[in-house]
Each structure stands twice: as C-alpha cells, then as structure tokens.
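Using the sequences plus the hints, can you model the full thing?
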Amino acid sequence: MNDSQPLLDVRDLHVDYDVAGAAGWRRRTLTVVKGVSFTIAPGETYGLVGESGSGKSTTGRAILRLADVSGGQVLVDGQDVATLGRRTPLAYRRAVQAVYQDPTASLNPRHRVGRALTETLARHGLGDRDARRRRAAEAFEQVGLTTDHLTRYPSQLSGGQLQRVAVARALVLEPRLVVCDEAVSALDLSTQAQILALLSDLQAASGVSYLFITHDLGVVRHVAHRVGVLRGGELVEQGATRQVLDHPQHEYTRALLAASPSSHPDGRDERRAERAARRAAAAQATTAQEAA
Amino acid sequence: MGKLVAYRLLFAVPQLLVISILVFSLTYLVPGSPAAAMLGTSATPEAIAHVEAQLGLDRPPLERFVEWFGALLTGDLGTSFRAGMPVTDLLAQRLPATLSVVAGGIVVALVLGVGAGVFTGTRPGTLADRLVTGGTVLGLAIPEFWLGLLLTTVFAVQLGWVPIVAWTPLTADPLAWMRGLVLPSLALGVTGGAIIARQTRAAMVTSMSAPYADTLTAAGVPRRTQIARYGVKNALVPVLASTGVTFAILIGVSFVVEKVFALPGLGSLMLTSVIGQDFPVVQGVVLVTATLVIVVNLVIDICYGLINPQARPQ
Amino acid sequence: MSNAVILDPADRSPAGTQARGVVQAWHRLRRQPSTLFAVVVVAVLVVVAVAAPLLAPYAPEATDFDAPLSGPTADHPLGTADLGQDLLSQLIYGARTALVVAGGSVLVAMLIGVPIGLVLGYKGGWYDRIGSRGLDIADALPGLMVGFVVIAILGRGMAVLVLAIGLVFCMNFARMTRAITLTERKKLYVESAHVSGLRERQIVFGQVLPNLAGPLAVQAAVFLGSAIKVEAALSFLGLGLGDDQPSWGGMLGLAAEHQADRPLMAVAPGVAILLTVLAFNLLGDGINDALSGRRTTGRRRSAVLGRLRPPTPPTLAEVRTARSAGPAPEAEPQPAPAGSGATPDDDVEVPADTVLDVRDATIVADRPDGSTVTLVHGVSLRVRRGEILGLLGESGSGKSMLAKAVLGLLPPGVRLAEGSVRLNGTELAGCSERELRAVRGTGLGVVLQNPQANLSPVHTVGRQLVDVLRAHHPLSKRDARARAAELLDLVGVNDVQRRLDQYPYQFSGGMAQRVAIAIALAGEPDLLILDEATSALDVTTQSQVLDLVLDLRDRLGMAIVNITHDLGVAAETCDRVAVLYRGELVEVADVVDLFDRPQQAYTAALLAAHPTADHDVEVIA
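So the sequence lines, in the order shown, correspond to chains A, B and C.
Residue numbers for the first sequence follow the working numbering, beginning at 1 and rising by one.
Residue numbers for the second sequence follow the working numbering, beginning at 293 and rising by one.
Residue numbers for the third sequence follow the working numbering, beginning at 607 and rising by one.
Derived from the structure by calculation, the hints contain no laboratory data.
Quantities reported herein were computed from a predicted structural model and do not represent experimental measurements.
Hints may be right or wrong, so weigh each one.
Stated by the list, open to error - Quick look at which bits of chain C chain A covers, simulated, 3 or more residues with Cβ under 8 Å:
1. 793–799
2. 1149–1158
3. 1166–1173
4. 1188–1201
5. 1208–1221
Stated by the list, open to error - Capping the alpha-carbon separation at 27 Å, the derived lysine-lysine pairs in BS3-like fashion look like this:
6. B/K525 with C/K1083
7. B/K295 with B/K525
8. C/K792 with C/K729
9. A/K34 with C/K792
10. C/K1010 with B/K525
Beta carbons are placed, not taken as given, at the ideal position from N, Cα and C, and that holds for glycine.
Take a look at the structure:
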C-alpha cells in the first residue's frame, strides 16, 4: 500500500436532496453539499465542523453510502466508491463504519447489546460462533465494558455505556475509517470526556482514522488533527486544527470562534463588545447595500 | 386558500374515476348473469340472450364502460332492472332522508364527542374522567341499530313522545322533520360521539401538556383561555381527521338504522337492490355515497388547512 | 484504562420493559380490572360457543307450534320466535356464529391487509405512493357498504359473510402495517444495521416484524368486536347467514318486527352483542396498555402543591417566619458527594434586593408503589436584582425540576416536599393556582429549551403575545398589539408588523426563542428563568440570544437564573454559579472564583473535562 496515498480522498463532492412538494408530487432539488474536497490520512482524525444546515452530516452519509452522490468523487484507497451503484460491497462496510449521536436509538431495543456485535461479525463471515463471542467480549473490554454487559438490553445501560457499545460495534470489524456523527453531543460532559479519550486510545492502538463531525469547536480542538469548516455546503477553510482555530483566515471561522463560549470568564466583556461591534458593522453594511 | 382547494379537488377527480371503474367492473364479478337471475331458473337460453341484448350486456366491456361513463357525466346512471325507473330518480328520492339522518348524527356526535373529549382531556385521571371515559367505551360497543330499537320502543311506542313513523320531508313540515330525526340522530350519534370523544381527549391531553402550554401558563395566561383557545385549537387537528372517518362510518350505519326507523333512504334502496341483484342501483348508490364522503373530506381538509398553517401549500 | 474519572454514572438497571415483554405484559394484563373482566367474558363466550350443543335446551331451529312468539315461560326462559323456536338456544348458538364469523373475518382481513402494508411500507417509492392513494380511495367507501356490495355479488352464506367483513377491515390492517413499517424503516438502528453490512431483508424481518406483533394484536382484538357488530348489522337486515342459522343480529331483526307486542325480545341478543364487543374492546385496550407499560392515571397539578408539608425542624421555620435578616444559626451543611462542606447561601445575611430566595428545597417524585424518589435535596439559592445566577448541572442533577418548582409547574406526581421558595419576600410554596397566577408573568418569566415547541403552532405570534399582555393589564386590542410590537422590537425582531401576523414555523430557532423571551418579559417580571434556553441553538445564534439576554438585563435590571449544562455559557454570562449534582448543591461561588479556584472535586473535574476552542485541555495530536 502506498504510504503517501490518503485513506480517504473526497474531491469536489456534490450531494442533492429531494424535497417533497405539497401534494406529494412536486419535488424540488436542493444541493446540500456543494463541491467539498478534503483528505484523511491513515491514523488521522479529521474534524468536520459546521452549524445546522451546513451539510456536514450529509457529507458523512455520502461517505457511508447512505446518500447518493450527485457529483465529484469519493476515493477510498484510490478507488472511487461514489460510482459503485446501488449495492455496497461488503468489504466497504467492513472498512468504513459509523458511530451516531443518539446512543439509545442506534441499537435495537429488543436485542441484547452483544448481539449487535455478533450479528455483524456473522454477516462478515468472521469466525464461528465461539470465535465471534470471544471477539465481541474482547471488543467490549477494549471499550471499558465487561462481559456482563454483553447480555444486557439497551434500556439497562446508561447513555455513556451505550455509546461505548456503539464504538465497540464500529471497531469490532477493525475498520480503516470511522465516521463519528456528533458522537459525543448527546452525552454529559464527564461522559463525553471519557468517550473522547477512548476514541483516541483506540486510534493509537489500531491506527484507525476518524471523520469527526461536530458543531462543537471545543471538542474538535480536543480531538482532531486537522479541521474543515463547512458553511452552507461549502468548505470555507481547512487546515491543522491549532492553526485554524488560533489563526482563522475566513470571516465565518472568525465569527464562529467569536461566538463559541470560552473556557473562562476573563475577557468576556471585551468579547461581548467585539461581537456587538461586529453586529453593528454588519447592520451598517446591509443598510448601505439596501440604500445602494 | 384557493391553492389548497385546487389541490384537493385535483386529487378528488382521479379518486372518483378509480371508484367508478371499480363500481363498473362489479357487474363482471358476478357469477352468472343478471338477466338469468331476473328471468328465473326456467328461462330458456334464447330468452336470456334476448334480455341481455336489451340490457346491452352483450357488448365489449370497454365500449360499455365508455358509454356508461359518458352517460354518468350527463347525470344518467342507467335504469333499474327491477323498478324500470331511471336510477338517478330513485337516488334523488332517497337522498334527502339519508342526508338528514347522517347530518343529525354528525351534529350529535360532534356535540357529545367534543364536549366529552374536552371535559375529560382537561382533567385526566380524575373520577369524572374515568366515568365519562367509561361511558365512551360503552358507546363504542353498543350496536347502533339496537340502541335505535330500544329508543323507539321506549320513546315512540311506549311513551309516545315522538312519532313512530320518523320521517317527514323537510319541505312538508320542518318541525315534524326535526322531531322525527331526534331518535335516529341519537342512535347514530352515540357511537360517532364515542369515537370523537376518545380522539379529542387524547388530543387535549397532548396539547395541555405541551411545552407551549407551560410557556403560556408561566407567563400568566389564565387556564380558561388556555383550554378554550390554545388547548382546543391545537387539539382540533387530530379531531378533524377523526370526524371525516366518522362521517364515512355513519353513512354505512345509517343504512342499517333506516330499517329501525322506517326511513325512506338510500339504505333500504340498497337493501332491496342487493337482494334483487339490481346492479345499476347498487352502482348508483355506491357512487353517490363515495362522492358524498369525498366531498365531506374535502371540506374537512380545507378546514384543516385553515387551522394548521403548515399544511397549506407554499 | 485512561478513563479514571470519578463521575461515571452507575448502571441504570430498571426492569427492561420490552425485553421480557411477554411475561411482563401478562402480569400487567392481570392487574387491571377492566382487562380481567374482558378476559373472563371472552373465555365464557368461547366456552358457550364450543359447548353450545350441551348447553342449549333445544336445537336452535327446532320449532314448537304450540307456543309461537311467547314471552318468557318455564319451558322457554327467553320466549320463542315466530315459529316457536327457543330464543335461549338461539342466543347460545348465536355465540358460535358470532365467534366464527368474527374470527374468520379478522383472519381474512389480516391475511390480505398485512402483506399489502408490509410491501408498501418497506418498498416505499412509487409502490408506496400509488398504494397509499389506493388506501385513500378505499377510505371513501363506508365499510358496511362494502359488505353490502360483496353480498350483492356473491350471494348469502357463511363464506361470503366472512369474506365481506374481512374486506371491510383489511384496509385498516394495511394502513396500520404500512405506518409501522415506515416508522421502523426510518429508525436509526435500522440504518446502523445497514452500515454494519446486514442485508435489507434480514434487517426488516429481524427488526420490523417483532414491532408489528403488538399493535397487530391490539387491532385484531378491537376488530373482533367491530366484526361482530358488522355481522349483527348484516344479519339484522337479513343479509347474513341463512334463516336456519341463528345469529344475534337475526334475532334482533325479528325483535324489530315485534316491537309493539313483544318489546323485550330485543333485550337479550342486544345485551349479548354489547357485552361481547365491550369485552373485545377492553381486551384490546388492555393489551395496548400492557405492551406500552403506560400508567393511565395522572393527577391534577394544583393538587400537587397542596400537599406541601411544613418545613422541619421548627426552629428553622420560626426563623423564616420571623423574616429575620439575621443569619440562620441552624444552617445544616449541605453534604457534597466528595464529603467536604459546600457553601450554601443560607448562612449569609439576606440582602435587601433579593428577588428569589430558595431555602432547603426538597423535591420528590411519588412512585406508583407508594415510595418516593428524591430529585432535589436541601438546595438553597439566592438571586438579587440585576444578577445572573447560573444553575450548572448535568442531566439528572435536578436543575430543571428546581426551576419548575419555583414556577409551580411541577408535573403530576412530583412535589416540593420541604423548603421555601420566596419571590420578593412572598412565599410561593403551598400557594393555590390562583395565587400563583397572580405572581406568574409579573413576578416570574420563563424561557424553555425547544424554540419551536415553546409557541403554539396554530396561533400567530402576535395572538400569543397579546393574550399574555392582556392577562396582566386591561388593554384594548389595539393597545395590546402596539405593546406586542414594542416587545418584539425590544428582543431584536425586525419587520415587526409583518412578524406579528406570522406563525411560529416561519421563525428560525433563534428568532423563535426571541419571541419566547418577549412573552416571558411581557408582564415585566422581576425574575427571568432560562431553562437550557439556548441549548438547541447553533453556536452563532446562541451567542446572539445570550448577548440579547445580557442587554436586557442591563436595560431592565431583572434577576436571571440561567440553567445550563454548558460551562462555557456559564463563563460568558453568569455573575455567580451554583453547581448541582444529583439533586444536591455542590458549590456556589462568584463565577471567576469558581473557574479559578473550584472548591469541590466535582467542579474541578467538570472544568477539567470541558474542551473549548480557545485552550487545550489535553493534547491528542
């Protein structure tokens, strides 16, 4: 394998979304992702940051082949998966996995949590029944759960524990890329810290890459090597995390940083005044535009 | 608003078309031929063929359908096999009674249902709620025609408060028309009211416990306004839907209840036509009924659009 | 493991409801009296139907020309029909007809309807679009009429009857199945399974079908009852089975003919139908409740507050009623989980401009089995005019409950068991609804979390503002509207006149929250409570709304309680911060002090776990 070739290479990605009209017949087409390009190297975490409607989740879904790509390429190890047609190869499902935001909703409430792992392993033909059970148990231990937890139902576990199960399920297949879509946003602060630490430990151990989708700039600073800022379906800025967050080049990134709550009350009056000044300037610009 | 009406009308047309196709093809589902049924078992094949030709039953289906549909559009629904009269005339004769009874039933159902629903929805879990809800459970279970039977037996036959013959045309004597409709409307309205009461109660409980209810209460809006304006209007949305369903059910039930009250409506016409396999009439009744239901649902959809701004086409 | 954090919540181990569904459901089924009644009636019915030949004194068609149309006699307890047939026997055999026809038709309806619904819901796309139009069209045909038509075509008889009634109900099953399949298909765990590589068919059968079983059972039970009603109606009209086969509806048809001379003939068959249908309906309800584990009782809100017990010990109460501004000598230290004492607001003099004064508030929830769960324990807080107090806590800390207690909006079953809540010196705990209403809006205002859900979706924004304004002042409609416009302007909404006539769905999240703030401020309250008011907003919108709140505080000077789980929000907006953990007050301090020198381990751990964009918590890369 070519070391310098990125694991994931997204080139000029476009994703459309069909909106149902009133009577159910008329449909409009919205372009939700407009020409996004970025790469992820093996063992790297790329943070995709944006507010609601920025297209970050849709980008993740396109990479997971849950949304149809209407333009551009998605190259995984050099192979374009956007052109693969309706059926997704099983090998791809093994290589690219996901962890979602809502831990309770991503697991079937009727099944014991261990089954999510063994079923997946069975589908991919990985070992016989005993081997699968062992692997599931190992995966659970890796994420900080016990073999006891294997037989519990989702309603008996806390949000943090369920998210660990989700991580275990994603990693039991030893994927190369995991798409984390707001994976810690629904968790308490303390649990969030634990899951983030877990993810980083697992990355260090196995060299898996993460596409970390989030709206939280603080989390992205904590967890991502590189970051891309999405706005309205377009990538306005990207680069090394510290670089982008400490020295933002684009106006939107600056506005996002200015609006993000900080870690300490010091300087908050100044920040507030700065925001007010920025708003006044923007208001002036619009009235000037309207007058013109 | 006009857009909303236009959209709904647009959909009603194919609906009616499909129903008329289904209705028309009913005759082809019958084993044997209506002509043979009419003439009896002793009929000769020639006689049957002759009647069939007379009735136009020997021509190809598509041609017959086009002809039938064309006639339909001009208001001609064919001729009854048994009565020899145009079907349209028969329907016109019977429609007033059915419409009156169903209208009366809906009024009673709405009054009872919405009233009970709002009452119980605003005090869930109390004794009053449980009693009234028990009443609705009973109302759902009671056979409407039996209720009608009991009501007539008690109030008409034994007590004589209302006339035994329930029907007087509106044009003849409005007051007698109304008096005659009291019992049939009650018989229909009890079940309909039970359906609506359950829906209304559930909707009220939801709307009274929604976050906006908390916001308004915390802002100091008095409870009466909360219930009357915010609770009810938000609850109307699901209630309207159930009213449409109730209307369709009540039409069917009215067909049965007619026997109890000796009402000259579509139901008794349908009954004799079903027994006599008089298909033009059966088809006519089905078409008229379906049209009625579609029209009422159209009106309800419009009301729904009036209440819920998000349902209006943008 | 590097996850050495002290804060991992313990396992939740309530009984897993859906898991051991069947056994649990059976137990719940048995506990409700109405369901028990239903089961008994159905059981009796089945026994009667099966054992009809043994139970009935006569064959149902056996004639007795000596006693036609007699009333109740020794030989014929229910009387006889027009040819002397025994009515009691007919009643008993009628049970058989009812059950056979009902069972058969529901089976037919399910066999036709469920596969249709599965296909429509699963395949979606064009299949579904056309299919659901088909369902809509079927809606235009009243059920009974469909039955008529089928009988018109196929004639009378048992098979036709079963088919006719089955067709009446099949579309209902199709509709229900389709709805459930559609919902399940969209669920996240179906998508997760998809991403794991599981096959579509495996997913559907593994996950959708089990979720169908319950609702199908409920519908089947209810339709069994409806089918009996329909069969009775058809037989009443003479369209049902042949005259030689007894049915309750047929008996009623005969009774209708003899209304005048034998009025009581209608009673027995009618009651039989009523009881049977009632039983099936109740059975359906019972299955429904059992499967969803719902409690169907609730309690009135105002009754909740009336249950306040006087605070203990008496010495503290004396101190409070004396309204002394002196220190409370008995201030019990509020135990924090780490063991060392926290700093309650209790043992400081009550400043004159205190707007909200909460002392020793304890909130409990009553469980159905009589025990209580403590949600908040012994919390004391104070907020002064113009001050923003942050109430910081994770989920389960009780912060929302505390706010609800102050507002008098505790849900049914939850109550303020101890403690006092004083607004501008007036005691709120234990107030009646009417007294509370006087305080609400003018003393208190609240903004809740979810912007769109805070406003009634079917009323214009102007209408809602006007209603709130007129609840506090006797204003004419015009004046109220003008004042509403001023309020919207105050909270930074542009194009006010147009906006007043718009509906909430036409507002973005941030704008809707501004409207909610306007509503809260309409009565000019002394205290504004924000309950996670910006948590659902985008970061940029959140900062705009928070800046608005700060501006309003500067202009209007009210006290504010800002409830949040976000340390950054607390840092940006609050003057003092109270930290809650599991219903107890861990620490209260000036905001800078809290961030610089947290006194409690929990607070320190929270701060350590908080990643922000402007400083590094822990180096990963």
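Structure-based check of all given hints:
no.: 1; hint: 793–799; result: holds (count 6)
no.: 2; hint: 1149–1158; result: holds (count 4)
no.: 3; hint: 1166–1173; result: holds (count 3)
no.: 4; hint: 1188–1201; result: holds (count 3)
no.: 5; hint: 1208–1221; result: holds (count 10)
no.: 6; hint: B/K525 with C/K1083; result: holds, 21 Å
no.: 7; hint: B/K295 with B/K525; result: holds, 23 Å
no.: 8; hint: C/K792 with C/K729; result: holds, 12 Å
no.: 9; hint: A/K34 with C/K792; result: holds, 26 Å
no.: 10; hint: C/K1010 with B/K525; result: holds, 26 Å
When held up to the earlier numbered hints, the structure conflicts with none and fits them all.
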